[in-house]
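Q: From first to last, the protein sequence lines are chains R and U.
Count along the first sequence starting at 1, add 290, and that's the number in the numbering used here.
Count along the second sequence starting at 1, add 64, and that's the number in the numbering used here.
These aren't lab readings, by the way, just hints derived from the structure by calculation.
Keep in mind that the hints are not guaranteed to be accurate.
Claimed, not checked - Examples of chain R residues toward chain U, derived with CB under 7 Å:
hint : residue
1    : HIS461
2    : ALA468
3    : GLY493
To be verified - The calculated lysine to aspartate or glutamate pairs, modelled on EDC-like cross-linking and capped at a C-alpha distance of 20 Å, are:
hint : chain 1 : residue 1 : chain 2 : residue 2
4    : R       : LYS438    : U       : GLU80
5    : R       : LYS665    : U       : ASP125
6    : R       : LYS609    : R       : GLU620
7    : R       : LYS609    : R       : GLU685
8    : R       : LYS705    : R       : ASP717
9    : R       : LYS705    : R       : ASP590
Glycine included, C-beta positions come from ideal geometry on N, C-alpha and C.
In case you want the letters, here they are:
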Amino acid sequence: VLAGAVRAGPVRSGTPRVNMGCNCRGAADRPGSMFVVPVADRWLLYAGLSGGCALMNSAAVASVAAGSDLGLPGLLDLLASESQANVPSGPSDYMPAFLGLVVTRQCNLSCEYCAFGAASSHHGAMDPAIAVTAIEWMADLARQSGSKSLNVELFGGEPFVARSVVDIVVHKARMAAAEQGLTPSLGAITNGVFDKDYAQFVGEYFDVVTLSLDGNASFHDRYRHYPGGRGSFHEVCRTARILSESSADLILRACVTSENVGSLAETAAWFCEEFRPLRIAFEPLDPVSIPGRLELRPPDPHEFAVNYALAQEAASAWKVEVVYSGTPLERVRCASCPAGNDGMIVLPDGSISACYLPEHEWQRHGLDLGIGTVKGLEVDIDRAAVVRLRQSTQERPRCERCFCRWSCGGGCYVKHSSPGCPADYDDYCVQTRLIAAAQLLEGLGESDLAGRILTNRAAGDALARHSSDRLQDWSRA
Amino acid sequence: MEKEPQIVDGVTWVVEHAGIRVFGPPATSVRFIPYPEAAVWDFVSRGYTPEVIVSKLRHLDRRLAANAPGWVASVLQDWSDDGLLVGGAD
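Extracted from the complex, chain R is given alone in its bound form:
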């Protein structure tokens, strides 16, 4: 029966780490958690919930699909662990993992690919009173739920152009945390375009700063510039250096296009040499077409996957982690974005959404992600809207047959996996599947095979476009 080796990898240990607020309750049918994907002339068996995997030939897969453990201890353990693994269940009550504050939609840059509506935003900055009420409410909820931390994340636009609100948010979060016996954790996603003194302030008061830097000056200035066209590279690098010396964890985030995908390894190495990032995030460009802007294209998903792997290798010399939103294989999750995780994002006008994208983005996809309002001293959460959203974000036809179902979480709910989206894998799925499979193979010590699926287009395509990975569908494969 066994014409080739069966190698079983370690099963994910301990309780699967799940974002607080993950609303997977009742979402899964257990038969859908064992997967098998083609890797060149062999197959990768993957236990989606427990994280174990094994490499085997087709005859062995057929035996496993028929209920055999082949009498192999490693495989026996893997199957046993998966049968005991629980589908993660979230709390029954509404408990966002963090409070998101879109303090303004305005921005001091005019990036080529930005679809956040900064240029057309008619709203000013958030009234500080809204932020104060939301923080007090969140701190109270965190204490009641037994959480040890108060997590607040700032979004924009560019959050640091709304400095008067940021002043209030920073200190109110610390005050509220101290009063409730919590540890404050402040995060922000920023373009880094501010002066040295302000960068010092950000480095002192924020715990995690995600800074956008799209590679070298040539790429960065072409994509991320001021409204007049002048590039922002110099200012962003200055900020990155100051943050590197601060107590804040620095995450450098680069948007990857068809133009800069070939230089990811070089970019990662340069980031590590020049700055001190905790992590480097590479995220492919969302397909956008903005009139009057450059016609930028997302990278080819195979090219992204292979260059991502090279970037990981380059950064490993500095022990810096390279990440991509689709492949955190170390944890189980049903959704990767706030919309599927009881998100609480307060917008500048005081409305509360489960998503930080501009309202028109989700409305364009026929979605209503509004879940409440902040008014005066009150936070009003529409519980029915929360329940409705929990249910609707579980319905992701595109994910049902995919072995990355429990790790990828389906990407952005609005742009990638909203109801009515095609069931076929798209480029996001393809690169996610390739990267995930390569990481699993690396974990099994099969580096050559990992390299083969990334560099051999036919092998990569066979894996990435495999119609159904579910072990239960094996007979039809």
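Add chain U to chain R, keeping to what the hints say.
A: Then chain U, alone, in the frame of chain R:
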């Protein structure tokens, strides 16, 4: 007193989650400033006028809202008396 209080040269501080730890003067002296006073320290360190500080404190602590000007003036005076600030509220 001058309008804008300033932190005396040689005084250093470290931002902590629950407040500010201030070193000096003299150099061997260490004190911890909790909230809400810690917010005032940050605002002073960034050159805000007492009027702006009062306005921000009104947002930060509703219990202080009515008496914010007097409270801020008192905090600044105490720090001046302790040799941490020069200048300050009228």
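Q: Decide, hint by hint, whether the structure agrees.
A: A quick look at each hint next to the structure:
1. Contact between HIS461 of chain R and chain U, as hinted, is supported at the beta carbon level, the nearest pair being about 4 Å apart and thus within 7 Å.
2. About 5 Å separates the beta-carbon of ALA468 of chain R from the nearest beta-carbon of chain U, less than 7 Å, and the hint is met.
3. With a least beta-carbon distance of about 9 Å to chain U, the hint placing GLY493 of chain R at the interface is violated under the 7 Å criterion.
4. Taken as a hint, the LYS438 of chain R and GLU80 of chain U pair is honoured in the structure, with Cα atoms around 17 Å apart against an allowance of 20 Å.
5. Annotation: proposed proximity of LYS665 of chain R to ASP125 of chain U holds, straight-line Cα distance about 17 Å (limit 20 Å).
6. Using a Cα cut-off of 20 Å, the hinted pair LYS609 of chain R and GLU620 of chain R holds, with the two alpha carbons roughly 17 Å apart.
7. A C-alpha spacing of about 38 Å is found between LYS609 of chain R and GLU685 of chain R, which places the hinted pair above 20 Å, so the restraint is violated.
8. For the proposed pair LYS705 of chain R and ASP717 of chain R, the alpha carbon gap of about 12 Å is at most 20 Å, so the pair holds.
9. A threshold of 20 Å between alpha carbons decides the hint, and for LYS705 of chain R with ASP590 of chain R the separation of about 18 Å falls inside it, so the pair holds.
Hint compliance for this structure: hints 3, 7 are broken, all remaining hints hold.
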